[in-house]
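K.L.:
I would like the entire structure built from these sequences, with the hints used as guidance.
Protein chains in written order, with the working numbering: chain A, 252 to 690; chain B, 252 to 690; chain C, 252 to 690; chain D, 153 to 277; chain E, 153 to 277; chain F, 153 to 277.
Hints listed in this document are in silico derivations from the structure and should not be mistaken for laboratory results. Hints are all accurate, no fakes.
Simulated crosslink set (BS3-like; lysine-lysine; CA at most 25 Å straight-line):
{"no.": "1", "chain 1": "C", "residue 1": "K338", "chain 2": "B", "residue 2": "K522"}
{"no.": "2", "chain 1": "D", "residue 1": "K190", "chain 2": "A", "residue 2": "K520"}
{"no.": "3", "chain 1": "A", "residue 1": "K619", "chain 2": "D", "residue 2": "K190"}
{"no.": "4", "chain 1": "B", "residue 1": "K619", "chain 2": "B", "residue 2": "K505"}
Partial list, computed: chain F residues near chain C (C-beta under 8 Å):
{"no.": "5", "residue": "V169"}
{"no.": "6", "residue": "I170"}
{"no.": "7", "residue": "I172"}
{"no.": "8", "residue": "T173"}
{"no.": "9", "residue": "L176"}
{"no.": "10", "residue": "I177"}
Every value quoted in this text rests on a predicted model; they were computed, and no experiment measured them. For each residue, glycine too, the CB sits at the ideal point set by N, CA and C.
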Amino acid sequence: MKKIILIFGVLSLLIFARPILGLNSNALNDKTTTTLLQTHEEPEETFISEALGGIEQFYEYTGFANAQAGHIIMIIIGIIFIYLGIKFDYEPLLLIPIGTGVILGNIPFVAGNQTGIYEAGSVMNYLYFGVVKGIYPPLIFLGIGAMTDFSSLIANPKLMLLGAASQIGVFGTFLGALYLGFALPEAGAIGIIGGADGPTAIFLSSKLANGINILADGTTVKNLIGPIAIAAYSYMALVPVIQPPIMRLLTNKKERLIRMKPPRAVSKKEKMIFPVAALLLTTFISPSALPLLGMLFFGNLLKESGRTERLAETARTKLIDIVTILLGVTVGASTQADIFITKDSMLIFGLGAISFVIATMGGLLFAKFMNLFLKGDDKLNPLIGAAGVSAVPDSARVVHAEGLKADPRNYLLMHAMAPNVAGVIGSAIAAGIILSFLG
Amino acid sequence: MKKIILIFGVLSLLIFARPILGLNSNALNDKTTTTLLQTHEEPEETFISEALGGIEQFYEYTGFANAQAGHIIMIIIGIIFIYLGIKFDYEPLLLIPIGTGVILGNIPFVAGNQTGIYEAGSVMNYLYFGVVKGIYPPLIFLGIGAMTDFSSLIANPKLMLLGAASQIGVFGTFLGALYLGFALPEAGAIGIIGGADGPTAIFLSSKLANGINILADGTTVKNLIGPIAIAAYSYMALVPVIQPPIMRLLTNKKERLIRMKPPRAVSKKEKMIFPVAALLLTTFISPSALPLLGMLFFGNLLKESGRTERLAETARTKLIDIVTILLGVTVGASTQADIFITKDSMLIFGLGAISFVIATMGGLLFAKFMNLFLKGDDKLNPLIGAAGVSAVPDSARVVHAEGLKADPRNYLLMHAMAPNVAGVIGSAIAAGIILSFLG
Amino acid sequence: MKKIILIFGVLSLLIFARPILGLNSNALNDKTTTTLLQTHEEPEETFISEALGGIEQFYEYTGFANAQAGHIIMIIIGIIFIYLGIKFDYEPLLLIPIGTGVILGNIPFVAGNQTGIYEAGSVMNYLYFGVVKGIYPPLIFLGIGAMTDFSSLIANPKLMLLGAASQIGVFGTFLGALYLGFALPEAGAIGIIGGADGPTAIFLSSKLANGINILADGTTVKNLIGPIAIAAYSYMALVPVIQPPIMRLLTNKKERLIRMKPPRAVSKKEKMIFPVAALLLTTFISPSALPLLGMLFFGNLLKESGRTERLAETARTKLIDIVTILLGVTVGASTQADIFITKDSMLIFGLGAISFVIATMGGLLFAKFMNLFLKGDDKLNPLIGAAGVSAVPDSARVVHAEGLKADPRNYLLMHAMAPNVAGVIGSAIAAGIILSFLG
Amino acid sequence: MNQMILLYNDPIEEGYVILITGLLIVFGGLILLTIFFKYALPVMLDAYIALKQIGVKKEKELEISKPKVDKREFTGEVTAAISVAIHMYLKKQHDEENAVLTIKQARKLYSPWSSKIYGTQGNRL
Amino acid sequence: MNQMILLYNDPIEEGYVILITGLLIVFGGLILLTIFFKYALPVMLDAYIALKQIGVKKEKELEISKPKVDKREFTGEVTAAISVAIHMYLKKQHDEENAVLTIKQARKLYSPWSSKIYGTQGNRL
Amino acid sequence: MNQMILLYNDPIEEGYVILITGLLIVFGGLILLTIFFKYALPVMLDAYIALKQIGVKKEKELEISKPKVDKREFTGEVTAAISVAIHMYLKKQHDEENAVLTIKQARKLYSPWSSKIYGTQGNRL
Ligand code: NA
Ligand code: NA
Ligand code: NA
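P.N.:
In structure tokens form, the structure reads like this:
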């Protein structure tokens with residue numbers, strides 16, 4: 252107990268040293284002038300008083316002097332992200348870098364010293380470049396392509412439609428954002444949260460809501476990359492929490508028990524042709540999605556060609572790791588309190604939650620709709636529709652887990668992978684469409 | 252059969268929808284104006300007609316609406332590259348990324364949306380930076396140095412001359428390009444195709460024929476990086492096709508049967524000294540080749556020092572893989588039809604083919620010339636002269652295979668490696684010379 | 252013997268060809284003009300004389316023609332670095348890349364051809380960007396964090412003070428540099444050599460002594476990145492030579508025999524909390540050190556979280572390797588003779604040596620001072636104070652080796668690791684403080 | 153492409169148009185993909201094999217038998233079996249992961265960033 | 153932040169101030185860290201475990217026994233043993249390194265940068 | 153360095169000059185390298201060993217015997233044997249590559265880009 256008092260004493264000493272030293276972070280500029288005058292007026296002051304002056308002066312630059320409520324709140328949020336990642340294993344590869352980034356971005360500092368992520372010339376600013384210019388997301392997609400097996404989609408192409416149905420989440424949220432007063436490009440970027448795909452969300456928001464583009468009415472578009480990325484990744488991490496209730500609400504026991512026939516085997520040739528054909532068809536439809544879809548299928552071709560295993564291996568391990576580290580920490584750091592804690596961010600978080608719900612419902616209901624036209628063992632277990640949101644492969648696992656709850660011998664994982672990866676393709680196409688209309 | 256008709260129906264519907272929708276990709280600008288007027292004139296049109304208008308409008312931005320013959324041709328070429336790489340194992344690590352890049356670069360898109368590789372701000376443009384500025388080639392050379400064993404060259408240094416003799420291909424092609432009317436720097440860049448070394452070709456063309464430099468007569472130099480890179484890599488991949496007939500033409504059975512004595516063993520110290528000494532001598536002779544030769548021998552020193560195996564391992568695996576992926580896909584994408592399909596490209600391809608033939612002949616004939624001065628078991632099997640073109644190690648393998656055809660117990664691989672790596676050094680020196688004269 | 256004469260003959264031919272060809276590197280510009288005139292005056296000259304003219308002209312651009320004493324000296328220094336790294340295993344991962352870089356940077360070349368590291372547009376210049384902007388050091392720290400086990404520090408936090416005591420080397424050298432006439436920011440950057448931490452030294456000098464900043468009196472600050480980095484890394488490599496005599500001088504046999512009790516076991520939770528808590532406390536105190544400390548503890552969190560082993564593995568292997576290669580070779584190359592061989596560089600080397608001595612003494616004496624307050628088996632073996640300089644883990648090994656000399660069963664390695672890593676944290680904080688005062 | 157925004161004065165109205173258009177295009181695109189893989193690809197593959205059989209009668213034995221085995225060997229039942237195996241694998245994984253980590257950490261104790269330690273790890277990897 | 157330099161006209165004087173200030177701050181900062189890890193962290197961890205015991209009585213058996221084992225199993229004696237092992241490991245290392253290198257070089261003889269060889273290495277790694 | 157272009161008015165003429173010059177320099181450079189490695193390097197290495205023998209008589213036994221073994225052990229015959237081995241290795245390789253791929257693909261079935269799966273692969277590598 253004695254110890255606790257000791258610690259609290261030290262910390263409060265530091266934070267409440269402000270009034271004692273006669274300083275106030277808000278009055279920083281005034282104070283510096285005063286200090287300056289003082290030193291000139293008293294040239295005979297002793298060396299010790301000068302050293303004390305130095306500490307006082309340095310204190311103004313510490314985080315203790317400049318901390319504001321916003322910083323503290325954001326740092327706590329960062330710690331919570333890390334905690335969730337470690338404790339509950341919610342997408343730790345994303346939440347831990349982003350959480351650390353949130354802390355880094357909210358260490359209070361005095362501007363002008365090339366420390367902050369928004370200060371030109373700072374290291375964080377250079378690393379953030381890959382986010383602002385949308386360079387990291389295609390590299391992530393390259394790695395994703397090199398680790399994804401599209402077999403289940405090739406075996407059962409009609410499941411592609413479930414990935415399409417989930418895009419109602421994207422466009423619905425887009426409309427909602429418009430109603431809440433966001434400008435068209437901003438709404439487009441917010442809508443993509445419903446795609447449940449982090450890199451796509453960052454790519455689109457870096458193109459549409461980047462704080463640089465000029466709107467038709469002459470105003471500058473808002474920079475929403477941070478909130479959109481954080482919302483997208485947060486909800487992706489929370490998929491195991493968000494989806495199950497909706498799944499139980501929209502399906503009955505009988506539907507959840509449907510067993511689907513095992514997918515047919517897929518030949519090596521089909522797997523090789525898939526990335527090339529899918530690349531051509533999807534980018535012809537939505538050329539603006541080229542950086543995402545091009546890299547996704549390029550990575551997959553590296554994997555399936557059988558000749559470039561070496562490159563595929565690098566793309567899906569070290570390259571994606573490096574980009575993940577840099578992307579995570581800079582996206583996190585972009586949540587600098589003074590820029591992040593706004594009403595817009597709150598609205599975006601709200602819209603994001605709704606978008607995941609809509610997308611899940613869209614996939615589920617469309618699966619039920621398709622069942623109207625399918626017979627016998629062709630019928631779909633509507634649960635797999637929920638996997639259409641993307642959030643690969645967490646969403647497919649949630650489906651698998653729900654299926655097991657209804658029937659411990661009904662393995663839905665492979666079936667759910669098809670709408671799962673189709674959801675990624677669908678979201679990228681949707682991003683391309685929005686970019687074409689509003690870019 | 253029914254299915255074929257169905258598919259062709261759908262595809263032709265999309266491509267021939269142009270006249271149906273009353274659109275024409277060439278009349279794009281006119282059309283947009285018209286659409287704009289229409290909407291203003293008919294504010295009472297129903298919602299469905301508006302949605303149709305949206306699709307019509309979007310259709311103009313799809314690849315189906317903007318595809319031209321050039322795009323289709325280039326996409327087919329890209330697919331052929333991929334096919335060659337997979338089917339015949341011709342340099343798949345290069346042909347598959349380049350082939351995919353060719354497809355990516357020729358997806359038809361409407362300019363202005365940061366999609367194309369030549370549009371500032373697009374992701375492909377950022378990745379292309381490493382090609383335009385010649386940054387990727389030295390990094391490739393770093394990895395190459397870290398994976399190359401120069402033992403056979405150290406054991407038999409006179410084979411270095413075969414690598415020198417092959418440079419007649421570089422300078423001969425340079426002269427040919429001048430005769431065909433190319434400006435001096437352009438001809439220099441084209442000549443280097445004869446070096447049979449992709450990274451060197453990209454490095455030199457990025458310095459000489461980059462579309463930026465101004466010639467003495469005030470005109471801007473052409474951007475030939477794309478065609479030169481594609482030509483260099485294509486012919487490198489085709490070495491097993493190009494070289495054997497020339498080898499058979501210029502050697503008789505007796506020559507092909509010559510057995511060379513096994514190279515002497517090389518000590519660890521010699522291997523350590525080699526990169527440092529070779530670095531000094533070659534860059535003193537040709538300082539402009541510093542980025543290439545410096546990195547090549549730096550990589551080799553990392554490998555041979557015995558203390559930096561960790562760094563050498565990274566340089567020859569993950570680092571070179573990452574750069575290979577980015578280099579391949581961007582060089583491929585730089586073949587955007589409107590820029591690539593020109594008379595110049597055709598000429599470059601023609602010159603490139605000739606340059607490989609000259610280089611092969613140069614090496615072979617010089618080996619026969621050297622034999623005039625060598626006696627007994629010092630005589631060279633002239634086949635190994637063909638390996639002087641570089642194209643490591645395909646060219647050495649071709650030599651090995653030809654040697655085996657003449658005598659199934661004559662293993663020429665180790666002997667051929669010496670001129671093979673000497674060819675790389677020679678080409679880099681030649682690139683430096685050309686850069687000094689014309690840079 | 253005959254051979255030696257042959258070789259020396261050839262080399263001297265090349266170097267002394269200057270007068271023979273009637274050239275002089277200093278009169279380069281004059282000469283070119285003359286050549287130009289000659290060719291115009293004698294249009295009938297034979298082809299062979301033209302070719303000779305071409306060689307003569309090319310010769311002017313070779314290293315043989317442009318070599319000056321400075322280049323030769325620096326190249327020899329580079330070779331010595333490589334030799335030390337290979338022969339004595341002194342930090343070979345740093346000395347071999349830096350040594351090669353020193354050679355690369357001092358190959359004599361004619362300016363204007365995008366060859367040198369200080370020429371805009373050259374490859375080396377692009378790679379040097381990461382040094383100039385201080386981007387490489389935080390990435391190195393990320394990898395360091397991902398490979399460092401802070402257990403011994405957590406188990407025995409009071410050893411942190413030894414790392415603090417060593418910073419007297421930083422501030423003492425800073426004062427010394429001021430006395431020698433360096434400007435305040437330059438002195439700050441020089442002082443950090445005493446931190447015995449290469450990346451920190453590069454980071455701080457890239458911010459303070461970068462040749463760009465303007466001083467209060469209107470003059471531009473000097474670019475001291477090269478000398479500071481070389482001094483820091485050289486002395487780090489020489490730690491096994493510098494430290495032992497000081498250690499023996501300041502401790503008696505009895506002190507060297509002190510056995511410390513084994514550190515307590517540290518739980519997984521503590522290891523997870525450490526990076527987050529240390530990140531917050533240190534960056535609140537010294538926000539300008541955020542890029543270094545933030546990345547250090549981020550890397551450590553990736554390691555200790557137990558969920559992101561994949562990212563930690565990449566950070567501590569391939570990522571740090573790539574950055575080490577690029578950092579080493581460009582820092583080495585930045586020692587271009589005409590910029591590097593100055594009185595300032597000599598002063599910096601002198602100050603650097605002193606700073607290591609002061610830092611070592613600071614740590615040792617503070618350990619003895621702490622022993623005044625500690626009893627029984629809590630007493631410290633003062634040798635471990637020397638490890639407070641950083642130079643991880645060489646310094647800790649030196650301590651370990653010295654301990655073994657006194658008592659072959661006294662294993663100090665684990666105990667020495669605590670001040671060793673504390674020294675890194677302390678130096679980074681010190682860098683932040685200096686940056687806050689002088690940035 | 154900013155002209156597109158000008159088409160409609162009311163953002164909400166344009167929003168609805170984009171919503172409908174976008175969904176139609178996404179569905180259209182993925183239906184196109186479905187059709188291609190369901191109908192076009194098998195036809196193309198058959199055509200390819202047929203072409204090959206006509207052109208290259210010589211290497212018949214080797215070439216043709218191979219893909220057929222490929223197709224038959226890996227049928228639905230095998231797939232189901234693998235599915236179960238994966239399920240079990242994913243369940244067990246956690247324990248194994250921890251075990252691996254512990255071993256790794258023990259091995260890596262006190263191995264900070266010296267070049268010599270770099271080298272050590274390099275050898276192990 | 154350049155205004156700081158203006159405070160003192162004499163650089164040497166400012167140098168002394170920075171020296172004293174800097175050392176005090178470095179010591180202050182690391183003392184803070186020491187205090188946190190020596191006193192605050194154990195308290196916080198105890199509080200966390202206490203909170204958990206109150207809140208989640210159900211999973212008591214599994215959760216609580218685990219961290220305790222973690223703490224006891226890995227005590228000082230084990231640490232000392234590991235320390236010796238590391239010492240011996242670091243000593244031996246050199247010979248092994250050379251052996252590994254020799255084998256590697258033999259395997260890699262004549263394997264320059266062809267894509268096919270790339271592929272070869274890819275399989276091995 | 154653009155002034156060089158101005159030297160000759162006719163590009164073709166300059167082309168010939170560069171052709172001759174270039175070839176001479178390339179040959180000159182590589183001849184220099186040949187001479188260095190054929191004559192200079194052995195002399196230098198001998199000198200180095202001689203210097204060492206004079207300077208450091210003490211560690212004679214160990215140091216000198218080592219490089220000699222190095223030189224003798226790995227003679228031409230061994231080289232030839234390795235050459236054959238490599239030849240056979242390169243021939244066999246293809247089949248092995250396919251086998252490895254099949255196994256890998258089976259293991260990796262349905263393992264897309266989840267972080268959890270990332271982790272799995274991380275452990276395996
Ligand atoms: Na999606
Ligand atoms: Na060549
Ligand atoms: Na230090």
